[in-house]
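Enquirer: So the chains spell out like this:
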Amino acid sequence: MTQSSALLQEATPPTPVETGVETAGPVRERVSGHARAAALAVDLAYALGGMALLIVLWWLGGRIAQSNPDLFAFTDFAPGPTFARLHEMIATGEAADMAIPSLYRVGLGLLWAVAVGVPTGILIGWFHQARKLTNIPFQFLRMISPLSWMPIAVMAFATWDGAIVFLIGIAAVWPVLFSTAAGLKRVDPAWFKVARNLGARPWHMLFTIILPAISQDILTGIRLALGVAWVVLVPAEYLGVTSGLGYAINDARDTLEYDRLAATVVVIGIIGFGLDFLCQQAIARLSWHRED
Amino acid sequence: MKGAHIKATGISHTYRRGATQALAGIDLEIQPGEAVALIGRSGCGKSTLLHILSGLSQPSQGKVYVDGALVDAPSPSRVMMFQTPSLYPWMSVEQNIAIGLKFNGRMREAKARIPELLALVELEAYAKRNVQDLSGGQQQRVALARSLALNPQVLLLDEPLSALDAFTRHALQRDIRRIAADRGITLVLVTHDINEAVMMADRAFVLKANPGRIHKELPIPIPGDRSPSTPAFAGIRNRLVAAYEEAAGLAMADADAFSSQNEPAAETDDIRIPADGTFN
Numbered sequence: 001m002t003q004s005s006a007l008l009q010e011a012t013p014p015t016p017v018e019t020g021v022e023t024a025g026p027v028r029e030r031v032s033g034h035a036r037a038a039a040l041a042v043d044l045a046y047a048l049g050g051m052a053l054l055i056v057l058w059w060l061g062g063r064i065a066q067s068n069p070d071l072f073a074f075t076d077f078a079p080g081p082t083f084a085r086l087h088e089m090i091a092t093g094e095a096a097d098m099a100i101p102s103l104y105r106v107g108l109g110l111l112w113a114v115a116v117g118v119p120t121g122i123l124i125g126w127f128h129q130a131r132k133l134t135n136i137p138f139q140f141l142r143m144i145s146p147l148s149w150m151p152i153a154v155m156a157f158a159t160w161d162g163a164i165v166f167l168i169g170i171a172a173v174w175p176v177l178f179s180t181a182a183g184l185k186r187v188d189p190a191w192f193k194v195a196r197n198l199g200a201r202p203w204h205m206l207f208t209i210i211l212p213a214i215s216q217d218i219l220t221g222i223r224l225a226l227g228v229a230w231v232v233l234v235p236a237e238y239l240g241v242t243s244g245l246g247y248a249i250n251d252a253r254d255t256l257e258y259d260r261l262a263a264t265v266v267v268i269g270i271i272g273f274g275l276d277f278l279c280q281q282a283i284a285r286l287s288w289h290r291e292d
Numbered sequence: 001m002k003g004a005h006i007k008a009t010g011i012s013h014t015y016r017r018g019a020t021q022a023l024a025g026i027d028l029e030i031q032p033g034e035a036v037a038l039i040g041r042s043g044c045g046k047s048t049l050l051h052i053l054s055g056l057s058q059p060s061q062g063k064v065y066v067d068g069a070l071v072d073a074p075s076p077s078r079v080m081m082f083q084t085p086s087l088y089p090w091m092s093v094e095q096n097i098a099i100g101l102k103f104n105g106r107m108r109e110a111k112a113r114i115p116e117l118l119a120l121v122e123l124e125a126y127a128k129r130n131v132q133d134l135s136g137g138q139q140q141r142v143a144l145a146r147s148l149a150l151n152p153q154v155l156l157l158d159e160p161l162s163a164l165d166a167f168t169r170h171a172l173q174r175d176i177r178r179i180a181a182d183r184g185i186t187l188v189l190v191t192h193d194i195n196e197a198v199m200m201a202d203r204a205f206v207l208k209a210n211p212g213r214i215h216k217e218l219p220i221p222i223p224g225d226r227s228p229s230t231p232a233f234a235g236i237r238n239r240l241v242a243a244y245e246e247a248a249g250l251a252m253a254d255a256d257a258f259s260s261q262n263e264p265a266a267e268t269d270d271i272r273i274p275a276d277g278t279f280n
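First to last, the sequence lines map onto chains F and Z.
Everything in the first sequence is counted per the numbering used here, starting at 1 for the first residue and increasing by one.
Everything in the second sequence is counted per the numbering used here, starting at 1 for the first residue and increasing by one.
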């Protein structure tokens, strides 16, 4: 072995064995496993406690409505009738029938938001002239309530579905766009310099460097967009359509079926929470960022 | 593999639309396979000059020729290593090494080249690991392997070892010099570390600031393995220190005093080099 390779070998920074990761691995993993389980249990206890508190408050509201003759019409909003109706709606497939058209519209709206928001965000993040040019118009458009586009959407689109997808898309595009642009602005410029130096073409720069580098920002934007889209969905579905969760709410109100109305609200909450959870999981799984 | 001949003529460069002159009238010539160091204090334009030699920046005036061809854009035959490894953290070690091959449509070579490069930088066991799992020294080794994957004729080093601990830095200095010499690669090194220049280069250009220009050119004729504890090393180091101080604007008396204070020691074997091997 030459002197240089001996030095090299000695200088080779800590291997997993040297750093103790493997030597102390099982013990450390056991300890950190216990600590993680304990932390998870505490988190779960808080989450269940919070939900229990919410249900208690809801139940109290129901009791108050029940005991007050002026509010008697609202007693079906209480947890008991709501969960009974929810059970029935799930068993008969009514809940799924309501949710599927809404999920389709939200999915399509989000798809448009991503298709427009990601490329535009990349343009804005990459070219500072584009950023300067679009900053004020985009901030102006962003501040317009998506629902105020409703009359225009109704006139512009041939179908109610088209109008609803447009409203969802226009609400969801901004978080995707701004998150993408902000992510690109934060990318280490040295990555681009290295890529150029190694002969990257523009498409390499986009697909091999930019998109993976900002993937977490795009996913975070999609997560925020999903929240906005889900909020906009219900009022958007008040428009002419005869399907979806928004329509179901309106229909339950018109037919005075308050237990169905409350059960639909619960369905909206559960699906919204579930979609957000899936987004969080996707971000955690796909992220290359290390917490430490 | 033969290193490239580099010739730069009349290189001047300004920033901020001419308001700041970074370089003025630089002429230099580097022979194929030669290792050259550009040294000088911060802000003397040595990194700017390196970027111009690589083709990543274009000079405001003057021209750079590599093997007689005008440099007007970056090329995979002239690869630069930066101060930070700038690895892609969403990729594994082998994916990072292969990235240049991918950009140049040469992925068919990856199967043979990657194990060879991993062996060269002694990271065979880390091929599938995410680069974020590696230490700073290991990351620079990956960056070195990535730079060598395209069989470059010129390797341009922009202080790539400055953030490493002294021991790792010393090992990598020897290693890079050995690899470049074995493969005949022309090496251009930017550093403010005099020891590093003596350890790695055959010749040093000392740059003076405001605007950046060549103050002095010194040969580093040390045959064989280089060690800071040898008199030849110490003698050249002291001459470079004096030139560096002179270029940095210290009074000549200070530079002479520094030089003469150390010169006799260069004649003996017990010269003391700072433990971290740096001179700032």
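If you are wondering where the hints come from, they were derived from the structure by calculation, not from laboratory data.
Beta carbons: idealized from backbone N, C-alpha and C, even for Gly.
A couple of the hints might just be wrong.
What the hints assert, rightly or not - Here are the in silico distance ranges between beta carbons for each label pair: (1) F:PHE127 with Z:SER229: 39 to 45 Å; (2) F:LYS185 with Z:GLY10: 35 to 41 Å; (3) Z:GLU109 with F:PRO202: 22 to 28 Å; (4) F:GLY107 with Z:GLY68: 57 to 63 Å.
Enquirer: Do the Cβ positions of GLY107 of chain F and GLY68 of chain Z conform to the proposed distance bound of 57 to 63 Å?
Expert: 59 Å, holds
Enquirer: At the C-beta level, are PHE127 of chain F and SER229 of chain Z separated by a distance inside 39 to 45 Å?
Expert: Violated, at about 54 Å.
Enquirer: Could you check the hint for me, namely that GLU109 of chain Z and PRO202 of chain F are 22 to 28 Å apart, CB to CB?
Expert: 23 Å, holds
Enquirer: Assuming the hint says 35 to 41 Å, is it satisfied by the Cβ distance from LYS185 of chain F to GLY10 of chain Z or not?
Expert: 37 Å, holds
This entry does not satisfy hint 1, going by the numbered hints stated previously; all others are met.
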